[in-house]
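First residue of the sequence shown: 1, per my numbering; consecutive thereafter.
There may be inaccurate statements among the hints.
Said to hold, decoys possible - Using 30 Å as the maximum straight-line C-alpha spacing, the simulated DSSO-like pairs for lysine-lysine come out as follows:
1. K145 to K43
2. K155 to K143
3. K141 to K43
4. K116 to K145
5. K121 to K155
6. K113 to K46
7. K143 to K46
8. K116 to K155
9. K57 to K143
10. K121 to K141
11. K43 to K116
12. K116 to K57
13. K143 to K113
14. K57 to K46
15. K145 to K121
16. K121 to K143
17. K155 to K57
18. K121 to K43
19. K116 to K46
20. K46 to K141
21. K143 to K116
22. K116 to K141
23. K121 to K46
Derived by calculation from the structure, the hints in this document are not laboratory data.
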Amino acid sequence: MKTIPFLTILLIAGLLFTGCRPDGYEPIGNANDNITAISGAWKLTKVTQTDAESQRKGFPYAVEDITTLFNYASLQLTFNLASGAPSTFTINNGSAPPITGITSGTWSVDDIKTPKTISLKNGAITEAMTLGSYPNSVNGKLKVKVTRTDVATNKLLIVYDYEFSR
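Using the sequences and the hints, build the whole thing.
The following block contains the structure:
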């Protein structure tokens, strides 16, 4: 009588062990070429402004969508490549407020395979944009963040999140 529950448990354990085999996975393919994905012409579709001081103090409305407050839809950003590497950029503000202090020059990234920061340069002026996401076939949006800090204290004042579409 005691052997029947023992054999049942042994049979169930044997089925569990033989049923647990690793699945074969398909190859995931080639890595994304993020620089090529970033390059091209982009239109600004969404702008969010975060007041860092208000956010620190817990005030309401520290984060605001200011897309419709100004005519940001007229702004166009173009990143050009030369031999597969970042080369020049242009920003056509149209009637929108400028998002950077420069409108043309050269652009570069901190890491060619997995960039985190885009640097825009014109002469001695350099401005940085932090990438929020890479555009891909699922999400064709380019998201960048620009921060404004106090020159004297280096304290964060304002953060702008920009979302671009092709």
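Verification of the hints:
1. K145 to K43: Measuring from Cα to Cα gives roughly 15 Å; hence the hint holds.
2. K155 to K143: Answer holds: K155 to K143 is near 23 Å, not above 30 Å.
3. K141 to K43: holds, 10 Å
4. K116 to K145: holds, 11 Å
5. K121 to K155: holds, 23 Å
6. K113 to K46: holds, 26 Å
7. K143 to K46: Cα-Cα ~9 Å, so holds.
8. K116 to K155: holds, 21 Å
9. K57 to K143: Distance ~27 Å between K57 and K143 Cα, so the pair holds.
10. K121 to K141: holds, 23 Å
11. K43 to K116: holds, 20 Å
12. K116 to K57: holds, 29 Å
13. K143 to K113: Holds - the C-alpha atoms of K113 and K143 are around 17 Å apart, at most 30 Å.
14. K57 to K46: Holds - the C-alpha atoms of K46 and K57 are around 25 Å apart, at most 30 Å.
15. K145 to K121: holds, 17 Å
16. K121 to K143: holds, 19 Å
17. K155 to K57: holds, 14 Å
18. K121 to K43: Since the Cα atoms of K121 and K43 sit roughly 20 Å apart, the hinted pair holds (cutoff 30 Å).
19. K116 to K46: With Cα atoms ~20 Å apart, K116 and K46 stay inside 30 Å; holds.
20. K46 to K141: holds, 10 Å
21. K143 to K116: holds, 11 Å
22. K116 to K141: Between K116 and K141 the Cα gap is close to 15 Å, so the pair holds against 30 Å.
23. K121 to K46: Given that 30 Å is the threshold and the Cα spacing comes to 24 Å, the pair holds.
Comparing the model with each earlier hint shows no violations; every hint is respected.
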